[in-house]
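Chemist: Chains as they are written, first to last, in numbering that gives the first Met the number 0: chain A, 0 to 387; chain B, 0 to 196; chain C, 0 to 321.
Read the hints as simulated data drawn from the structure, not as lab findings.
Bear in mind the structure is a predicted one, so any value in this text is a computation, not a measurement.
Don't take every hint at face value.
Across the chosen pairs, the derived CB separations fall in these ranges [stated by the list, open to error]: (1) A/Leu63 / B/Met71: 54 to 62 Å; (2) B/Ile17 / C/Gly168: 28 to 36 Å; (3) B/Gly45 / A/Arg231: 40 to 48 Å; (4) A/Gln364 / C/Gly168: 21 to 29 Å.
In this text, a Cβ means the ideal position worked out from N, Cα and C, and glycines have one as well.
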Amino acid sequence: MTRTINPDYIRGDLYTQRFEQGKRENTLILNMGPQHPSTHGVLRVVLEMDGEYIVRAEPVLGYLHRMHEKMAEVKSYVGFMPNMGRVDYLHPLAWNWSYAGAVERLAGIEVPRRAEFLRVIATELNRISSHLLWWGAYLLDLGAFTPIMYAFEDREILMDILQRPTGARLTYSYFRLGGVGADMDERCLRQILDFVPYLRKKLPVYKDLVTDNVILRKRLEGVGDMDVDMCRRYGATGPILRGAGLASDTRLNETYSVYNEIDFDIPSFPETDAMARYMVRIREIEESLKIVEQAVAMIPEGEILIKGAPKPNWKAPAGEAYFATEGARGKVGVWVVSDGGKSPYRIKLRAPGFSNLSLFAEASQGTLLADAVAIMGSIDMVIPEIDR
Amino acid sequence: MNALKSFWKNIASLWSLIVGLQVTGKAFCGPQVTVHYPRQTVGPEGLEGFRGHMELVPSVKDPAIPKCISCMMCATSCPSKCLTVVKQKEPKPTEEQLKAMAEAEARGEKVKKLSAPKNPAQFIYDFSLCSFCNTCVENCPVGSIRFTTNVYFATTNKADLQMNLVERLAKQAASGKTVPGEKPKKAAKTETAQSEA
Amino acid sequence: MNAIPIELIHIVIAIALVAGFVGLNGLVLVWVERKVAGHVQRRPGPYEVGPNGLLQPLADAAKLVGKQLFTPDGSDKLVFWLAPIVSFLPVMPMFLPMPFSPFLTAMEVNVGLVLILAFAGLNILALCLAGWGSNNKYGLLGAGRAVAQGVAYEIPLLLSVLAVCFMTGSLSLTEIVAAQGNWPWQWNWIYQPIAFILYFTCGVAETNRAPFDLPEAESELVAGFHTEYSGMGFGLFFLAEYAEMIVVCGVATALFLGGWKGPGAAGAWWFLLKLYVLLVIMIWFRWTYPRTRFDQLLNLCWKWLLPLSILNLLVTALVIKL
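With the rest of the complex left out, here is chain A (with noise of 0.2 Å):
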């Protein structure tokens, strides 16, 4: 039964080959990915491994890099909104928003007080549904098959409500330069506050099906310490920073729009594991919530878009602008300089999955396999937001 193998074959690509093998013999070079289960989307991780422990992993990056970076040079800024919705296709919003707020603080565009309490209650249910797949998500790299089925349910529904005003139900371009697309009508807002009792009444039931569960606890109690000087050396943000114990928020701490009108808290575990990131999370929810009632209370009536809004042939201001918004992931911001052309003379944006992602090479060391799974599933990663 022996066959000749061709040394190429076992060296394997690039990648694996540039791995360099570490101090310790024995040990099992396994590619996690780009096609693994629990990579959620095409991420690669090269893992070294000593029996089931890890002694390295290393993240390969790229394989869904679609240049929007590079494609915005040759956009016009109005045309360049639905590559928005598409970066991060769970929590696009926060993208929209990132991408708008920096064009608007460049032209010194002043957004209608409607329009702010509308980007504000899509963007919040948009986050409940970006922690909603991602707590059914994480829940099946676990091993549980139930929730994300539940979480879907309920997802179904806000996708549901923000079809109405956006026009779609995944990749949003809903946000306009100077305001949004579309009002959200007397109807719309009546379903959104039929939504808020509805999840707040589903949430204890997932607590009991999950957070509580004895196996789950044991799985992510004390897995994964990502610390806050951690999370300063990588520069995370969002769930993972709060899960490490700093009550740290784009929201509050670089308000923007109307949210220093809002009372809502910035929920913080100290636990820094992954118990901590999942209940980071899950108290988000219930925030955003919070945030979604009052807003909606809040609404004034008038314009939804400003009058003389940026067309597709608007020349921006030269210059430059940033702004960041929170993301589901953490900061997202966007960087737009401009020339005084048609299109933006460059455009960086900031994808909080990136920095998140570089924790993981460090957080995942000496862990079990089953430990990196939930290690990573507690990044939140999602691939197309990392590579852009």
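Position chains B and C against the provided structure of chain A, taking the given hints into account.
Modeler: For chains B and C alone, kept in the frame of chain A given last:
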């Protein structure tokens, strides 16, 4: 004492497993929430606001002719470059008209050339490129394009994704507003299309 | 006729019947599993093939049979293809001493329990071969997990079974059932509740069902030991898994739930009813719980289940002696 406490805690935590079973058990006995697709479909209120492929809005006078004035605003504003509008050529003047023009020229009057009809000869929409961003609808000066709420469009042929919307509208007008293989239009759709525009 | 002993004919017929029973039950179980999964997840489950999707497993089986059998590059062909057979074949003898009813036992063996447990041990070998032979790192890790898990859980399983055997003083399943009464409070699970829970937990682990499905943990190891198997190679593992579930639940029924006995008319229907209740509970577990971690799984076994089962055995022995 501590060891005993943690021992008891471990035993007590097993109760959460029973609670989990209760939740899934309840769901098992509860109603199903999915839509059995071929037998049931999502009602028109579920499709409200959904952006399917584009279509042209017929003019008030003739349901076979779109409102479009071939201004090319949509084609130039489209970020995905999925629209191609072909203007109509000016018609060849008939002999009588030629004669009249020649006479007018001879009289030293300004000759009025025949102007092409404003509605487009072809309006080609590439469904495979469209990003459903609504930019064209917002920029259309006459409100001649809108999104359908057709979620049932499916094809195995890539060529079908390149739709000639003028032809489609004419066909639609000829067959009384319905194109074979497509669900009848919902009344709600026009409403949302207007609000979007 | 004298050349062939009656006993042999008996066994051949029995094995043929068992094969039919296993195949049929495999199909039914696949359907039940998917229906339970569907309803737990608030969707209908298989619906299109046959009334209420009843023929879906048949369609799936036909699909599996029709698929190409693929041997991965660099694999050990003999070991690779031996594994599914080793996994499936021992299932047949395991059904021989299963007491469906006093008249419906394929083979009366006074050490029936030992026979079942011995053949059940072979399954670990199959998983080990499958992971080793397929020249796949995920497969290898899965095989490693399977061996560690299988060996560990065999011990508390045996000890909990032994407690019941002590009570009855027999290793024959038929006798153990006969020793129990007709009413639920006369069954062994009342006298041996800890043994029952231990047995069922270990049974779930032995059959690699969630939450102990570590050898195939799909979000970690893709598909674990059967990553490289296609078509009927996978199908045999699949069938063997369901058959093992039936065996484990069947033994539980006989040992703890009074086998064919029940209020009213005793018979095979009581056995099948109890068997299916246990199976549905097993399926219910799978669609409710997340997966345990590997070290926790072994900790659970060595630190909790094993001492508990030994304690249980000692107490049982003591009580019997007094």
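Chemist: Hint by hint, note whether the structure agrees.
Modeler: These are the hints, each one checked on the structure:
no. : hint                            : verdict
1   : A/Leu63 / B/Met71: 54 to 62 Å   : 34 Å, violated
2   : B/Ile17 / C/Gly168: 28 to 36 Å  : 34 Å, holds
3   : B/Gly45 / A/Arg231: 40 to 48 Å  : 46 Å, holds
4   : A/Gln364 / C/Gly168: 21 to 29 Å : 55 Å, violated
The structure is inconsistent with the numbered hints 1 and 4, although it conforms to all the rest.
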